[in-house]
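S.K.: Sequence:
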Amino acid sequence: MNLENEINKIANSWLQRKKEGLTEKEKDEFSLWIKNKTHAKAYAENKELISEFLNLDEDFISEMQNEVLQKENIFTRSKYIAASIAVACILIFSAYEIDSYYSTTYTQDYLSSNEKILNIVLPDKTIIDLDVKSQIKITYYLNKRTVILEQGKVIFNVSKNPDKPFYVRSGNTLIEVIGTKFEVVHLKNKSEINVIEGLVKVDYIYNKKGDKKTLSQLKRSQTLSINNEGKVLNYGNIDIKKIASWKNDIIVFDKMTLADASLIFERYSNQKMNFSTYELSQLKISGKFSTLHYDSFLEAISLIYPIKYTKNASLINISKK
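Heads up, the final residue of the sequence shown is numbered 886 in the numbering used here, and it's a clean run with no missing numbers.
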């Protein structure tokens, strides 16, 4: 694709996105992009093209035919009519194709608070499960399926469709699949991908233009953690039985600090944990716990370590015995 075609493609993308409504971030990006004279010209020309030719109708075609019929030469007249209609049809089709390419076929947002949302069935039979305090935005186009994971934990069981790849955006991480089952966790500045079955491609988006580089292709029983700066924090194998254990109200800790474990429990209990010293927060814990019974976790750490806890409605204080 040459530079002119690429600029026109981006211009058409902006036209469609403006039609759907820009976010504040996108408005800033568009303002920066349109400052370029070449970009501004392409944007104006494509806007005019779509405006004019999406409104073409049969009366317009008939009018062109009537004008041409006044020509004396029948042969010339026939060629002119055919050419005029062909050009009009091509332009109408081009404008329609541009509009359709970027038009959405399905949109839906989901937000869970203190309860999970399970077995969400999408139009293509893809199934999604949301953990508590999770938020996603789903948008389907003619040529692709996209999900933005704003926060939380989600299981995707994606129906296979080679013609419409499935994308999940988690921070600056982009996950691409055709048909597979996997979990994505997006908490704070980190994204984690755990594959249950199939193949998952993971990219890192490294600038505002959306340019990306491929980090890995994950397969069954593999996991990858990455922060928003593109640093890989963890890569390796994972026990499939431990993936998305939250769906069954279970949390599994493997040598995790009490500070990190408390943050996970906070999602399910709405109770924050306060440590009297930094050293206490860095003690390690392993085991399987129920998200429905926070007390069992507190009792376990008080038995393992010489610590005690006191709690009220929203705060749990941890200190030495």
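These are calculated hints, taken from the structure and not from any lab test. Idealized CB from N, CA, C, for every residue including glycine. A portion of the hints provided could be inaccurate.
Capping the alpha-carbon separation at 27 Å, the derived lysine-lysine pairs in BS3-like fashion look like this [stated by the list, open to error]:
| # | residue 1 | residue 2 |
| --- | --- | --- |
| 1 | 681 | 725 |
| 2 | 876 | 753 |
| 3 | 812 | 853 |
| 4 | 725 | 853 |
| 5 | 574 | 600 |
| 6 | 709 | 755 |
| 7 | 600 | 590 |
Label pairs and their computed distance ranges (CB to CB) [said to hold, decoys possible]:
| # | residue 1 | residue 2 | range |
| --- | --- | --- | --- |
| 8 | 609 | 589 | 21 to 27 Å |
| 9 | 589 | 690 | 43 to 49 Å |
| 10 | 715 | 843 | 18 to 24 Å |
| 11 | 835 | 592 | 34 to 40 Å |
S.K.: Holds or violated: residue 574 with residue 600, Cα cutoff 27 Å?
M.R.: Cα-Cα ~17 Å, so holds.
S.K.: Lying within 21 to 27 Å: is that true of the beta-carbon distance residue 609 to residue 589?
M.R.: 24 Å, holds
S.K.: Between residue 681 and residue 725, is the straight-line Cα distance small enough, at 27 Å or below?
M.R.: 25 Å, holds
S.K.: Hint says 34 to 40 Å; check whether the CB-CB distance for residue 835 and residue 592 agrees.
M.R.: 35 Å, holds
S.K.: For the range 43 to 49 Å, tell me whether the beta carbons of residue 589 and residue 690 fit it or not.
M.R.: 35 Å, violated
S.K.: Evaluate the given range 18 to 24 Å for the C-beta pair formed by residue 715 and residue 843.
M.R.: 31 Å, violated
S.K.: Do the alpha carbons of residue 725 and residue 853 lie within 27 Å of each other, as the hint requires?
M.R.: 34 Å, violated
S.K.: Would the hint linking residue 876 and residue 753 be met if the CA-CA limit is 27 Å?
M.R.: Measuring from Cα to Cα gives roughly 26 Å; hence the hint holds.
S.K.: Keeping to a limit of 27 Å between CA atoms, is the pair of residue 600 and residue 590 held or broken?
M.R.: The hint holds at about 16 Å.
S.K.: Take the C-alpha atoms of residue 709 and residue 755, compute the straight-line distance between them, and say whether it is at most 27 Å.
M.R.: 25 Å, holds
S.K.: Against the 27 Å threshold, does the CA-CA distance of residue 812 and residue 853 hold or violate the hint?
M.R.: Measuring from Cα to Cα gives roughly 14 Å; hence the hint holds.
Checked against the numbered hints above, the structure violates hints 4, 9 and 10; every other hint is satisfied.
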